[in-house]
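Grab the two chains, each in its own frame, and use the hints to assemble them into the complex.
So the protein sequences, as listed, match chains E and L. Each residue of the first sequence is one higher than the last, beginning at 333 in my numbering. Each residue of the second sequence is one higher than the last, beginning at 877 in my numbering.
Because the hints were derived from the structure by calculation, they are not lab data. The C-beta atom is built at its ideal place from N, Cα and C for all residues, glycine as well. One should not assume that every hint holds.
[Stated by the list, open to error] Cβ pair distances, simulated, as ranges: (1) Gly348/E with Ala913/L: 37 to 47 Å; (2) Gly348/E with Asp891/L: 19 to 29 Å; (3) Asp451/E with Leu1072/L: 23 to 33 Å; (4) Thr1197/L with Ala489/E: 50 to 60 Å; (5) Asp451/E with Val900/L: 42 to 52 Å; (6) Glu564/E with Gln887/L: 32 to 42 Å; (7) Glu399/E with Gln887/L: 43 to 53 Å; (8) Asp555/E with Lys883/L: 19 to 29 Å.
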Amino acid sequence: MSEVLAGCLGVSHRYGDSTVLDAVDLQVSAGELVGLLGANGAGKTTLIRILLGLLVPSSGHVRLFGEAPSRRARGRIGYVPQGLGLYEDLTAAENLEFTRAAFGGRWAVQPAALTVPPDVLAGRLPLGLQRRLAFAAAFAHSPGLYVLDEPTSGVDALARTHLWDVIRGVADSGAGVLVTTHSMEEAEECDRLVMLTAGRLVAEGTAADIIGDSEVVTVACADWPRALAVLENAGLRAALVGRSLRVPGGDLVRVRAALAGTGAIAGLARATLEERFVELTTG
Amino acid sequence: MWAMIVKEFRQMRRDRRTLAMMIVMPVLLLIVFGYAASFDVTSIPVRVVGVHAAEVAGRLPAPFEVTAIASAEDRSDATRALRDGVVPVVVVADADAVTVLLDGSELFTANAARAALARAGAPQVEVLFNPDLRTSAVMVPGLAGMILLFVGTVITSLGVVRERQTGTLEQLAVMPLRPRDVFLGKIAPYFLVAALDLTVVVAAGTLLFGVPFHGSLLVLALGAVLFLFVTLGTGVLISSVSQNQGQAIQLAMMTLLPQVLLSGLIFPLRSMPLGVRWIGYLLPLTYFTQISRGVMLRGAPLTTLWQPFLYLTLLGVAVVTFAMLRFRAFLAPQGARRARRRGVLALAAGSKP
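Okay, chain L solo, but in the shape it has when bound (with noise of 0.2 Å):
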């Protein structure tokens, strides 16, 4: 037994990957759910509109922050902020009432404001976009972003590293295709069955569990392109610097486990102190998820989720021409131009051969 621990001890020791993961994990871990594993909201930024907004904003208890007095706007202003995302919260003071709304979207910040609104004897509140407030609503539409990021990165990663432990990626080094075709080539399916994945998950939330879809399927399909980009770069990535299938799954999960808890897909964003939301904010889930509640459960048009569909487009663009970059410089090494450069040099000079 002992021969085999001092063996098991050398080959931990010399695979650093897998000794890093076992560092690094328990510190993430201890990070995430120490800081960021919160359901727990503090603060809610608030919107006061109608005649009475200043009067009403001064009399607000805690956690409410009252981030816009806005007299001249009317209900359906304050309907289209909650829709547009601009606040989770607007307060409606009419000359004849006060309304509170809420964004049921954010499912953790309206139910710590209906308790507050409780404990302090609001009149009336109505919750927009998800009224009963259930989990499934706002659930479905992030899990569709947790299965595009499986697919794109994990399965992507997997399958092109198979190509090089199998020594075929070489094979496809030789023939003559560029390194344009083979990635997109190699991407194009798992692109085409995330796409299925996608729409079956979309298609069972809403009519199995009758999840809410009020906005366009056009501009859902265009953030979810626009994901895919980005977990299928990653992965192709992933691939590049991992050398068999064991490094890429380890590489994926380590990619994917702060994706999944520091995205605002569980944990709310607001609740998590800003040395850890900064973090949720490199990463893709974090705006699809965004992309997606906000337009199945708000109906938000693109021109209100510019935000999110700009990040996404950046790090798309990113991380797709760094992985580009590095596939490229395998299929067609690095100084291959300046070689030919100077073999036509050599030639025009008289060399051999």
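So that you can see chain E by itself, here it is in the shape it has in the complex (with noise of 0.2 Å):
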């Protein structure tokens, strides 16, 4: 059995009478990638602040490398914020070189898919750069855990698949990666998926494993805006898929009844964990 380098158990956490976690249990074992989903405000960040000790839980415990978070634990931890923590008025190496020092002076080989311009302001690397510099950052002293808030926003398709293939090889090589996404297409390369919604853990396990049997209803019509708006009337929510509709939840009969009379052609088909997702987080 692996190594578990970072664990919460039942961590809570509350803002006044606010509860943003609600008892979570989350695990990384070396070697694992796992993807840490939820809409906006479910309490993706706040569950990483807590993991990294930069926030105290209400209750529950929190372990990284075997003990409470620390300074000492910290330093085996790569870390790439949401706002990527760069000094934009210092260039990439520049930027490189106080990483290298803070983590007392360790420098580990670079892969090439984070190799950016050395001599350049950070500040005025396009942000595909800026994300990469972020990454190189992190990966610079090997760490044996990531936390990865969001490292691929704004990023285009290209950067993007060099950055996870880093991630991959990271995860393959024997470290720990926790990383959150809102690409479903992204989650899907994780081992494991966490979902949160509203600050409770509604949903663990391999994508399809969190998908199950769970099914959608595809609506196949000539025109549907018109087929949208009866499915609203009706109280459903649909998604537009190149020019058909899918309604999640997998309730044929409903469906069917709500858009007869409209020509449009409703069948069941296997959610994706997109679909799945929204099923869980809008209940």
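Rendered as structure tokens:
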């Protein structure tokens, strides 16, 4: 069994009367790539801050490398925050040099995919290269655990592929990775997913585990705006995929009843991860 | 246009700091300029020494107020009393002559005393430490304090709050750095720049403006170090309660303005009513101005400046400790130790993870 690098047990957090995390369990083991999913405000960033020791939970237990979050434990973490945490008025090389010094001078060989022009100010790099630099800074000291908060947000498809290649590579080499993302395509790259809704853990497992037998109703029709209006009037939410509609929940009878007389053809299909996510997060 | 006005008022109402500043600043300025901003010295403490001290003391007109009569003391004691800042005026009533010695480093008091003595027909008046009563001689030592205040408070608060705004402070919190290392590493460059500024101001003051430097450079440097700790600590404190650079500047200005106006740098503390003067005694620039003028103009040694040094030390310890705690609370949250302890207990009880 792989070593547990980070774990939360029954972690809750409250701001005044508002509960942002409610008895959440989370575990990241060596060599494991864990995706943390949730809509905005679900509590992902709060959970990450608690895991890193930047926030003390109202209740529950947190362990990082077998101990409570501490300066020593954080020394083994590579963190890419949402805001990237780069010094925009330092060059790429100066940013990396500072990170190296802060982590005690250790310096790992950088993957080619993380190469950035060394003499350009970080603030003048395009967003894709800034993300690459933030990655390079996080990877610089060969951490045992990577915490990546929406690491590919705003990055084009090609650059995203390269970054995910690096992420997969470090997990395969034995490091643990905890990554938050809004992209279900990226989430499917993870070994295991943890879904949060309103601070509560609603699903956990592989993408296939989470989708399970969940189905959606597909609606094929010539006039999709009309079909959409009819479905919404019947209290059914639908998403447009290509030129057909997909209704989460798999209630074929209800959809057919709503669409009677419109000429639309309704059938069942296996839900995608995104559809299952919507179903879980919107109840 | 109406939509714009309504929008501005809505934003103004929600920006409570700006709103507070718009209300507090006029009140502050009203108090300062109404009560404190006065160059008129209405009361001048005077020490009378020499064999005829008692006799002369009785004849001194207003605005002089005799605080001590010392018949056994002579001119050298009188000079020492001025140098040590005991009083701004000493009358030396010897057997053969009466001489009034004025402390030229207290410009407005010396001017007021000289005018009053001229009206009374005083025989002999000598101005020590700033014989020509030049404004630049008094302003340059004070200006040094203002520059240290500006670099220490404004620039430091902007530097720290920028880290918060760009998210790099959070990155620092995740790095294996001790909070005190981050704190000291953050303020050290500002400290050095401010020290360089001080050197330039003092050198320019003495070389270009002929400001005397009678005292010990070491004593001035020690005072500057203490003062810088207070101002740098204030800068970090301001940044710890500011979400952006605009808020930091607002708060920094709210700490700068009272110091410039109420520290005795421009308006003499002696001219202010007691109700306003005590504010000046809470401000670090008051004490640094006393130290810089004392050292540069009067050549005052450390032993006679112990009071401003003591107050600066107390202010420094209080401000830096508070700033460190605020800084530490962000980098290593309060309760972390408690949580660690709880984690250890949970582990001991066999809990997961």
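Status of each hint after checking the structure:
1. In this structure the hint that Gly348/E and Ala913/L lie 37 to 47 Å apart at CB holds, the actual value being about 45 Å.
2. At about 23 Å, the CB distance of Gly348/E to Asp891/L agrees with the hint of 19 to 29 Å.
3. Range check, Asp451/E to Leu1072/L: about 28 Å between beta-carbon atoms, so the 23 to 33 Å window is met.
4. Distance hint check: the CB atoms of Thr1197/L and Ala489/E are about 52 Å apart, consistent with the given range 50 to 60 Å.
5. Separated by about 47 Å at the C-beta atoms, Asp451/E and Val900/L satisfy the suggested range of 42 to 52 Å.
6. A hinted range of 32 to 42 Å holds for the C-beta pair Glu564/E and Gln887/L, which are about 36 Å apart.
7. Restraint check, Glu399/E to Gln887/L: a C-beta distance of roughly 47 Å satisfies the suggested window 43 to 53 Å.
8. For Asp555/E and Lys883/L, the Cβ-Cβ distance of about 42 Å falls outside the hinted range of 19 to 29 Å, so the restraint is violated.
This entry does not satisfy hint 8, going by the numbered hints stated previously; all others are met.
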